[in-house]
Every structure is written in C-alpha cells, then in structure tokens.
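Sequences listed follow chains A and B, in order.
Sequential numbering from 1 applies to the first sequence in this note's numbering.
Sequential numbering from 1 applies to the second sequence in this note's numbering.
Hints may contain errors.
Any copy will do: because identical chains look the same in the list, a pair fits if it lies in one copy or spans two.
[Claimed, not checked] Taking lysine-lysine and the DSBU-like style, the derived pairs with C-alpha atoms no more than 30 Å apart in a straight line are: (1) K320 / K245; (2) K72 / K50; (3) K363 / K72; (4) K423 / K245; (5) K320 / K363; (6) K423 / K363; (7) K151 / K50; (8) K151 / K363; (9) K363 / K50; (10) K320 / K50.
These are calculated hints, taken from the structure and not from any lab test.
All of these numbers come straight from a predicted model, not from anything done at the bench.
2 protein chains.
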Amino acid sequence: MSNNNRSRAEFTARYFVESSVPLARAAEVIAGEQSSGTFLALPGETDDLKERARARVARVDSLPPVLEPSLKSAFVERKEPARLFYRGEIEIAFPVDNVGANLPALLSTIAGNLFELGEVTGLRLLDIDLPADHAARFPGPAFGIEGTREKTGVLGRPLIGTIVKPSIGLLPGQTAQIVDDLCAAGIDFIKDDELLADPAYASFDARLEAVMPVLHRHADRMGRMPMYAINISGTIDEMLRRHDKVLAAGGTCVMMCVNWVGFAGVEHVRRHAQLPIHGHRNGWGALTRFPQLGFSFAAYQKLWRLAGVDHLHVNGVRSKFWEPDASVIDSARSCLAPFAGVQPVMPVFSSGQWASQAPDLFKALRSVDLMHLAGGGIIGHPQGIAAGVASMREGWEAAAEGVDLETYARSHPALRAALAHFKAV
Amino acid sequence: MSNNNRSRAEFTARYFVESSVPLARAAEVIAGEQSSGTFLALPGETDDLKERARARVARVDSLPPVLEPSLKSAFVERKEPARLFYRGEIEIAFPVDNVGANLPALLSTIAGNLFELGEVTGLRLLDIDLPADHAARFPGPAFGIEGTREKTGVLGRPLIGTIVKPSIGLLPGQTAQIVDDLCAAGIDFIKDDELLADPAYASFDARLEAVMPVLHRHADRMGRMPMYAINISGTIDEMLRRHDKVLAAGGTCVMMCVNWVGFAGVEHVRRHAQLPIHGHRNGWGALTRFPQLGFSFAAYQKLWRLAGVDHLHVNGVRSKFWEPDASVIDSARSCLAPFAGVQPVMPVFSSGQWASQAPDLFKALRSVDLMHLAGGGIIGHPQGIAAGVASMREGWEAAAEGVDLETYARSHPALRAALAHFKAV
Chain A
1 MSNNNRSRAE
11 FTARYFVESS
21 VPLARAAEVI
31 AGEQSSGTFL
41 ALPGETDDLK
51 ERARARVARV
61 DSLPPVLEPS
71 LKSAFVERKE
81 PARLFYRGEI
91 EIAFPVDNVG
101 ANLPALLSTI
111 AGNLFELGEV
121 TGLRLLDIDL
131 PADHAARFPG
141 PAFGIEGTRE
151 KTGVLGRPLI
161 GTIVKPSIGL
171 LPGQTAQIVD
181 DLCAAGIDFI
191 KDDELLADPA
201 YASFDARLEA
211 VMPVLHRHAD
221 RMGRMPMYAI
231 NISGTIDEML
241 RRHDKVLAAG
251 GTCVMMCVNW
261 VGFAGVEHVR
271 RHAQLPIHGH
281 RNGWGALTRF
291 PQLGFSFAAY
301 QKLWRLAGVD
311 HLHVNGVRSK
321 FWEPDASVID
331 SARSCLAPFA
341 GVQPVMPVFS
351 SGQWASQAPD
361 LFKALRSVDL
371 MHLAGGGIIG
381 HPQGIAAGVA
391 SMREGWEAAA
401 EGVDLETYAR
411 SHPALRAALA
421 HFKAV
Chain B
1 MSNNNRSRAE
11 FTARYFVESS
21 VPLARAAEVI
31 AGEQSSGTFL
41 ALPGETDDLK
51 ERARARVARV
61 DSLPPVLEPS
71 LKSAFVERKE
81 PARLFYRGEI
91 EIAFPVDNVG
101 ANLPALLSTI
111 AGNLFELGEV
121 TGLRLLDIDL
131 PADHAARFPG
141 PAFGIEGTRE
151 KTGVLGRPLI
161 GTIVKPSIGL
171 LPGQTAQIVD
181 DLCAAGIDFI
191 KDDELLADPA
201 YASFDARLEA
211 VMPVLHRHAD
221 RMGRMPMYAI
231 NISGTIDEML
241 RRHDKVLAAG
251 GTCVMMCVNW
261 VGFAGVEHVR
271 RHAQLPIHGH
281 RNGWGALTRF
291 PQLGFSFAAY
301 QKLWRLAGVD
311 HLHVNGVRSK
321 FWEPDASVID
331 SARSCLAPFA
341 GVQPVMPVFS
351 SGQWASQAPD
361 LFKALRSVDL
371 MHLAGGGIIG
381 HPQGIAAGVA
391 SMREGWEAAA
401 EGVDLETYAR
411 SHPALRAALA
421 HFKAV
C-alpha cells in the first residue's frame, strides 16, 4: 500500500487498540478490514483499486503492552494463545470517495466490523476528522447555540431548564399544569423525559394540545416563549407529522432519542425541520462505559453534529450517573469546540443538578453557551418552583461575577435556601 | 408499588445486573429510572400514576457477589466506596401503554439511561418478551425464510452465498464481471460488502445497472434468479428511491446496515418495501463484546425482527472474529426460535466460512433455514469459483446425509479439493 497518495481527499479515525499482534500489524488488519482487504489475497485487489479505495495507516503510537486481554477473543485462544497484548493509538485515513455524504456508510467504515476482529482485544473510536468540504456535505445543526438563543430570547447566560417529572404517567392536563407552574417561575427550557413519546394515556397530540396554549399565554406575558422540547421520537412519518404540528402550533423545539431513532431518521427529520432538534443520547452508556470498547464522546458528538442535532446531553457534574466529572466537562468542551466548519452543538447538563454546579461549570468551560437542567433541584426547592429557578440563575450570576455561592447567597434568599436544603439532602 | 396490577398489559426485559447496592434495591432503582421515578420523591407520583405507568420488578435472581466492579462508577466512589458488588438477573415488567408500537420509545425504555446509573457497575439486556398482540403492532419480517426461499427458488437446503470482494474499490463493470462468474458457478445469493454503498467511483445506480442484466441473463438460463443483496444504506429518500429502482429492475433483495441506518429508518424502509431486507449488523461488536455491558444477541435479534428485517448476520463458526462458536450457534438458534408470533429471521453465517462448517452447523441447528456465505472459501477454491460453490453444497449434502466430509469427498472432487486446500491454509 502506498503512503504517498496524499492527493486523494481523506477523512481520518483515531482509535485506541489492544491486540494479540503487534500494533503496526493490527493497524494494517483494521485498515484492510475496513476497506479493500479480506482474509485471502484476491486477484482483484490491483494497484489502481488500492489507490482508489484502500485505507491508509496514518499513525501508530505504541503504549506499554498488557498481560491480560481487556476483551476475550476465541480467535486468539484458538489460533495461538497470546502472552502479550499490544496497546496503543492508531490513526487510519480513509478515502472520502468511499463514503461520500452517507452517514450509515461513514459509520460502517469507522465503526463497523473492526470491533469484532479476532486479533483485537480492545478497540475504541477516540476521534474523527473530516476535510471541511466533506463535512459541509452533511446537514449539520441548523440552529445550534445562536439559533437556540434567538428562539428563546435568552442571551448572555445559560438556558435554565427542567424535565417534566414524573418521567412518564402524567395525563396531558397534568403535564400542562406543571408546564404552567414552570413558566410562571420564569423557566427558559422544558423537556419531556426521554421515556415519554406517545403513551396510550397521554398521546403526543393530546400533550401538545394541552401544553401549547399554556406556553403562548406565558410568552404573551414574558415577551419570550419558554422552549418546550417535546419528544417526537417514533416512526419517520410520525416524526415529520409531529414536527409539523409543533411548528404549526407555534412551538420552538423538537426532541429525538438519537441512538434509537438512528442516523438516517435524525438526518431525515433535520433536513425537513424548521425547529431546533434536542438530541437525547439515552443508551449511550452501552456504547462507552467499558473504556477499551466502543466510542468516546468526542467522536460521538461529531457524528451527531454532522447529522444535525442542535443540542446534545452530556450528563451533569456530581450526577446520579457513573461518569467522572472530568469526563462530563470534556464532553461539553468537545460540543463547543471547532470541527471542520460544522457549527457547535449546545451541551445539555442534566441529572442531579441544582445551583451548586454553576460555578464548577463556568470555571471549567468559561462559557455560558449551555443548558443547565435541574429536575428535583427546581421542583424540589423548599420555597417552590419559582425559587428553584431563581436559585439556578443566581448560581450562574455568582459564577459569572466570580463570587462564591455562600457569599452571593447572603443577599439572594432563593440560592440561600437551595444551599441549605440540597446540601443537607 | 403494587405487584398485583396484572390486569394491565406488560412487556418484559431481563437483565444481568451488577450493582453497589443489593440486587433487589438495584432492580427498584432501574424500574424507577425507566418509568415514573426520579431521585427525589415527587408529589405528582400518585397511586393512579403508578398503576398506569410504573415499571414492576417481576423477578430477582441473585448470583454470587464479586469484589471488583466490572465497570467503574464515579458515583459509587464518591458516595461510598463499595466492598461488594451484587450480581444477578432481574426481570422488569413495563406497561405496554407506556410505549405502544414505537420502536425508539421501546429502546429508550429497555435500553436507555439505565446503562449509566451510578449504582450500576454492570448491565446487559439479556432478553425481551412482548405479548403477541403488542408484537403484532410492529411490522415484523415481510418475507422471512419462506419468502426468501420463494424469491430464490432454493428449497430444502441452505442458501449458498458470497460477498463481492474486494469489499470496496471495484468499478461497476468489475462488480458485474464477478457477479457473472458467481452466477455461472450456480451461486444462490450474493451480497455487497457493508462498506460499499454509493462510492464516487461505483455509485449505487451504476452498480445496479451493471449487475441487473447479468442476473437476468442467468435467471433465464437457470430458471431462478440468484438473490443479490445490494446495499441501499443512506438517507431515507435515497433508500426508498434505491429500493424502488431495485424492484423496477427486477432485483429481489435490498441490504441495510441496521445499526447505522437505525430503527426508525429500517422500519420506514420495511413498511415501504416489496423486497426482503438483508440486515447487516456491523458495529454490533461495540454493543456486545464486554460481557457485563450492552446487549445479548437474543434480545438484539428480537428488536430487529420487530423492525422487520428478513435476514440477520450471526458471524461464522471458526471465523476471523472474536466470538466463540457456541455463541454463534446460540445466535442462529435465537433467530429461528418462536417470538411472540413474529416470524423468524434467516440467520446469515459469514466470515472465514467454507465447506467444513456445514456439518457443525447442521448438527447444532438441525435446520437448513440459513444462509452460508463464503468469501475466500468460494472465490479462493483451487479449482475455481464453480468448484467453490459445489464444495459448499457438497458439504451440506454430506451433513444432511450424516456422512462425514472426508468420506463424502471421495466421490466429490470439489469438496475433496476444498478439504485439501483450505485445511492446509
């Protein structure tokens, strides 16, 4: 394989690899599997074909080997039990012409059978990169941070939001009542739980019909409409119909469970949509929790940026989830970082959040371009929902002014009550 | 929570769980997270709501605990470093009314945030079950095994097939030439590689136009058309257009990379399609290789059966992949097993296959309702492609007659050459 065919346009994928064969060999196996190779040399694999289609090993950086494989492989055990498992990072360069602007083909190329290769005892997609003119052929976010601020009228601070709880089971009128209370409290953003799509007792249509008049009433009062991310996840036809219904009713956002709608579905809705898409990543844990397998968030968010989601969940700092805080912060940074000319996606912090996390997030990110969602942290505030929302805003005011929360709380009763109540929980 | 609300219709999900809290408690946390619960008691979670929407812990079977967590959790480390990690299997029953016939909502419910719960240090979806009238609301396979046999005219034995190789890089005329050779050799089934969708140098349209006349010519000769699973993966509009083009051209199958098209996309194509859908599962390794995380194939194939794929890949026995042979056999069995009145999906064996695996597969499955795909095992046969195909059929004849391969090979030269050649490789 030639290493000199730099004239062809290429995109790259960077992986952590652990393998029973030396790393450079593993990289060649992966490059072959994910382009023109097979397990036998074939007469059809000519130089022309390689030049056109063959993936190229762009970089191999070894790490110290390990004595035990991270993932078992019956292939290794059958062929020749290994005593050492080589580790490192590799980068593979693929011809743009192999996939074009086809998201399923891109995924099959960078995240396909390679996870199953017998020689591989660990493989994680760490990052991807595309030439800007390649990335421009995918839809990308239509609204992003700027468009979301425009739709909500919230400038210069994070969007303070919440999830309607209980997650599922409320009747449409009950949901509308909670939304009414949240709007009265001055909330910026409300979302459905990811479990709530179109249950028999609270259909999408009934929910939208119950909630929209409430949102309009508060919009008339406030001069801006709180953004309600209603979960449209379902079949393609249902999602398009639901989007159109939200648009016609004057709503300003739709939500999709991106992993389970899938790339083709999300891209299709994105190309049709005239509203920001709130991307919920539930199921993500299965793709990322074992560190030597699956996907890093840095790669994952780029793929959904290409598909065109405008907001993407990143968990919360000190959340109820497994993830270390540093990893959550890294995720948010990656959402905000430049990527091949594709606009950023707005990171959404959620789970176990209340005012206390504001200074941590601001210090780590030096940005207010995010959504900060609190469930119990708002609805469970001892002085009520309005104080819950106020305490979140006050937390961010303190953070932006560089004042510690305890000090700021002296002159801000909602924050003070939150600190007293939630610290003790 | 009531355990007596059996009158409501429920579907179930069975999990392996490992947790820092005792198993019964972990089961309640999961049931709460995936239905009406949150981290604070909420006034809205009334008895009516619970009866309507709350998931129910149906079963808890403990296994011996372990001293080290399978997956790290910053939550556990922050809250109270655990000394024991409880393990077992649990079954959760969810109200059918929570999700209806909505595939993304079903997935968000059974495979959503629960993977990320802080208390959870291992979680794997082992199986699902649905009442038959619930399952009937999903599309399911339109063709399945019977419809595939009808389209191919192959009865009473497996479909012998191959993948056009090199995987990617051939020009349309070169693909047509290989297809011509394969058809002349009497092949039953040919598929695109999963990497090959619509490359710049061999577009879908050009490939279809080059291949279809070849298939028709051989169909006229043979009285049956070899099934060509052409990869239509792409955007929703492209997939529908490509399906229609295959149908209009007289083709008999379309292929999709199911994980990366996604549930909404596959279901949409299924509801539109008039041809069998060949489901390629590339990327599956990321979802299953760590045994205490992700999905078992038993659950996975049911989900794609609901979505309506007709064929699904299961790797091969003695393949180039990581998977133990027993696991491959279990996968195929699950594809063929009854499931809530949804018809079976045809298992597709692939990777490192040649005639030698036929007796193993037949002995294990006692069925010929499968596809047996060989790449190098057919194209790399020392006497040519026709002998490669013949050797595969002869392997299955021997298996069905209960004659060992060596004996059968005495009177069957193609099989004899395969045994001599591939055993030595």
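Each hint, compared with the structure:
1. K320 / K245: neither (35 Å within a copy, 50 Å between copies)
2. K72 / K50: neither (32 Å within a copy, 42 Å between copies)
3. K363 / K72: between (41 Å within a copy, 26 Å between copies)
4. K423 / K245: neither (42 Å within a copy, 63 Å between copies)
5. K320 / K363: within (21 Å within a copy, 49 Å between copies)
6. K423 / K363: within (20 Å within a copy, 63 Å between copies)
7. K151 / K50: Neither way: K151 and K50 sit 49 Å apart in one copy and 36 Å across, limit 30 Å.
8. K151 / K363: The answer is within: 27 Å in one copy meets 30 Å, while 63 Å across copies does not.
9. K363 / K50: neither (49 Å within a copy, 41 Å between copies)
10. K320 / K50: Between. Shortest inter-copy distance 22 Å satisfies the 30 Å Cα cut-off; intra-copy 49 Å does not.
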